[in-house]
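If you read the sequences in order, they're chains A, B and C. Numbering follows the working numbering, with no gaps: position 194 of the first sequence is 194. Numbering follows the working numbering, with no gaps: position 232 of the second sequence is 232. Numbering follows the working numbering, with no gaps: position 184 of the third sequence is 184.
Simulated from the structure, these hints should not be mistaken for lab results. It should be emphasised that the depicted structure is a prediction, and the values quoted were computed from it without experimental measurement. Check before you lean on any hint, since a few could be wrong.
Said to hold, decoys possible - Examples of chain A residues lying across from chain C (beta carbon under 7 Å, computed): (1) V184; (2) Q233; (3) P250.
Just so it is clear, CB atoms sit at the ideal spot from N, CA and C, and this is done for glycine as well.
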Amino acid sequence: MTEHHRKKPKGVIVRTSGVAWCVTMVAAASLGLVACSSSANSGSAGGGSTAGKKYTIGVSFDLLNAIRQAEKSSIQSAAQAAGYSVVFDVADQDAQKQASQIQDLIQTQKVNAVIVIAQDGQQIAASASLAKAHKVPFLAIDRSIADQQDVTFQITGDPVADGKAVASQFLAAKTRPLKVLELVGGLTDQNAIGRRDGFNAALAGQPGVTIVSQVPTDWNPTEALNGTSNALQKDPAINAIYIPSDFLLPSVQSALTAAGRLAPIGNPKHVFMVTIDGDQNGCKAMQAKTLDADIATPVADFGKQAIAAITSARGGKAVTPKAVEAKGLILDQANYAATSGQVWGCASS
Amino acid sequence: MEGSATEPSTASGAGIARPARLAWLRDPARRPGWFADLAMLPALILLILVLSVLTDGLLTSSNLINVLSQSAVVGIAAIGATFVILTGGIDLSTGSVIGASGVAGAWIITSTGNLAAGIAAGLVTGTVIGLVTGVIVATLNVVPFAVTLAALYVVSGCTTLLSHGRTIAPMPAGFISFSIDGPGGVPYAVWLAGVLYVIAQTVLTRTAWGRRVVHVGANVDVARISGVDVVRTRTSAYLVAGLFSAIAGMTLTSGLAGAGASMGSPLLLNIVGAVVLGGTSLSGGRGSLLRTGIGVLFLGFLSNGMSLLGLQDYDQQMVTGSFIFLAASADGLLRWRR
Amino acid sequence: MNPVTDIYRRLHAATRREPLLPVLLVLLLALSVTYHGFASVTNFRNIAVQASPLIIAAVGMTYVIMTAGIDLSVGSMLFLAAAIESSHPVVGLPTAAVFAVICATGVGMGLVNGLAVALTRVPALIVTLATMQVFRGAGGHITGQQNINLPANLRGIGTGSLLGAPTPILLAAAVALSGGFVFSRSTFGRYIQAVGSSADAAVNAGLPTRRVIAGAYALAGLLAAVASLTETARLGTVQPSIGQGYELTVITAVVLGGTSLFGGRGSIGGAVLGALILTTVQTGLVFSGTSPYVFDIVRGGVLLAAVLAAGARWRNLAQAAGLVSRLVTRGTDGPTA
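Full structure from sequences and hints, please.
Pasting the structure below:
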């Protein structure tokens, strides 16, 4: 009898306290959510209906890193100048998450226009159709969308052309023979694939310039560092490196330094290097003359032209041209003084 | 006093009169199975209420349909994951199998133009991978974590290699509309997920196979002694997981209008997280599809709510992580007194 | 005595203690013979340097797995430690102070995991799955998802050398040796093995189980921070994608080394050898000029081979063959037998 006396209240208390614990924790977590959201909303339009508020643009990025931050600023400043407000979403390289976020932007948050950087140019088609069905202008920047029919406007880089531009830099180099180490970006990334294919195609059959090593990096700085060290070890005759994005440049520089081979142009140990994107590290390396050329992505153009296209679309005008391929701006040692001002990474942050 | 004589725990005690009708509620031994399954339901309801207050438009019918359709793929894959976890194992290769099945199916569709053949190819791919994984885990007695981790690398690598890393598109319009249109405005994909949940829960609770799965997970030695073919049961659990990953893969291909090798990898966290959040025990033997369904909806609403709130990307990660831990610890405390 | 039999006997004993040692040696030999330039001091030194952060993190992970737990947050801890190191208040401090702060951060992160695992009933997989998200989010918050270059004074730990050997190798060796020493000869190490073998028995024996578990995770956190210091020093920049997926690599190394995921049985030396083998395979792939697509397949294959060789019960293979043929010929699902 005394056991039951003790057991029952305890059981009830634990069960009740268990539920109470659950409730308290969810409530506490919600307070955290409110705190987070208020800090997020201070810079953007926040969730919910935007009827009656400013014209709102929903932006969906595939990921967030240095170049995406530059693209974000570019969109924000152009939007601000035009009097629009902006909501940003990032999809963590998950195509399905991006589709979900865009669905929320269009259907629940009722944004007036959508700008995307597509995780996958094929798989974004569903979102484009959704936007069209809701009469929401759908724009793409940086990464091209395969099926253009539902896209209002697109301004992208041209990865294949960028790859070819890199190849022509190598072909123009005086050193022969040129033995090239090619770093490969993510194997399922359309930009990486384009940059690789353009480069390989332009160098096919070219005498004097050979790709002696292709190393996968999966866009991971550590793999780039280790892979470069290994390739240099395997083939000390390597005297040129193709780095498909300059966010991997620091890794390559570290590998070269460790091998005692980081040297500026003019030094016999200099390794001919070309990269793409034009970030801060690329700019610094150009200044230090350890990097020979950087094919810079026209980040400022992306934001400006996208917002301009939205303004045109608002006015009911069809946007022409509908698809702009902004080739990368070639920044090399010869034109550095004249051109560096236009490169996003060279502008002081 | 009232109360049946056979229930000493409800007799007298502190002298507080309690109605006999609710006697079954207080005695864990007499609660129906589905009562424990709904342990996370209050947390889910609370989450929805809180989010609806903080955001505009969460509870509109169009947003609710969105949440369901956004959760369909994870939900379907989580069915297979539940069966594996019930046997006390785990399958880390789910994401890779989703990608492999989707790519296989999409490739057949684009090269032959035959939708049915493509879907069949996708389902077969996933099922065969599940069978191989299951055979290795069950017969060679190696740790599922390690084997399925190896499978994750191998399957993903093979799929990328065979597809050259490219996304396979376009898909037939009818296939794409499977994820968009449907009766009552709810996409067919969501109805499919719902039907699969009902079937799976029935199989789990009412078939001999389902009981064997739980038995093996609860106590493998006792199961073996009582005559259960442990090897065959475990293998079949992984085979079923492969099949459901394949169904999820084809559904994802429909939703994204194309298939890529890496499209399933980010989903693994959500799939395992949903099963675990719902309350299925990682050590096996305890759990149900009802729990997993609640877990899937929890993560779906959380993700949708954070998106509507405009939370920064890294803040969303922190919130998701915190909620997974909170929910798991609350559930653990609820079952503290077994 | 006959020096040859003496050497043979020593090798035999070493092999029985560390079955991976001959595997590594054979691998190195095969690669040296097949590829010109593989067998050089510089290359072996490169492999050792590349393996060093992995070795350091793997030692910590071994302790955790030995308690029958797991730590999926290693990669995120690596990132968060790097984020804090490169943040404004910390990066300007004198070098020794920075290292102290980061090590303390590591212990702190590890304790978050350890206390959660030890004090609540939440399985380690879930706890570290959650902290994996939380830490990475926190790191992203601190860095604003930008690239941050490290000043020269913080790079010495990765690029410098002491007494002729690169600093990372010395650090990894120190961690491995002390980790192994603590493991086999200290009370803490014995408690770890006891807790992992049977948590109930350990509790009944009166061991401070919760403190031991928390300690294991704290140690793993500390070593993750040390690995982070080394790796970011080598890279020179803190970037948003640092450490992503790293936990799987670390766990692969530990499992390769013979530590059982069930807990209670393991080897620090094995983890070190596992890390070295993984790194050697990676280097070998570059030397072989294999297509980039194949790298992941090889990694999975190596792990699978190691797991099968270590723990498989091959007599069950016959049962497997029978099972498959039964499934294929659609045998009826009769009474279980």
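Checked hints:
1. For V184 (chain A), the shortest C-beta to C-beta distance to chain C is roughly 5 Å, which falls under 7 Å, so the interface hint holds.
2. This hint holds: Q233 (chain A) has a C-beta 5 Å from the nearest C-beta of chain C, less than the 7 Å allowed.
3. Given the 7 Å rule on beta carbons, the hint for P250 (chain A) holds: about 4 Å separates it from the nearest Cβ of chain C.
When each numbered hint is compared with the structure, no violation occurs for any of them.
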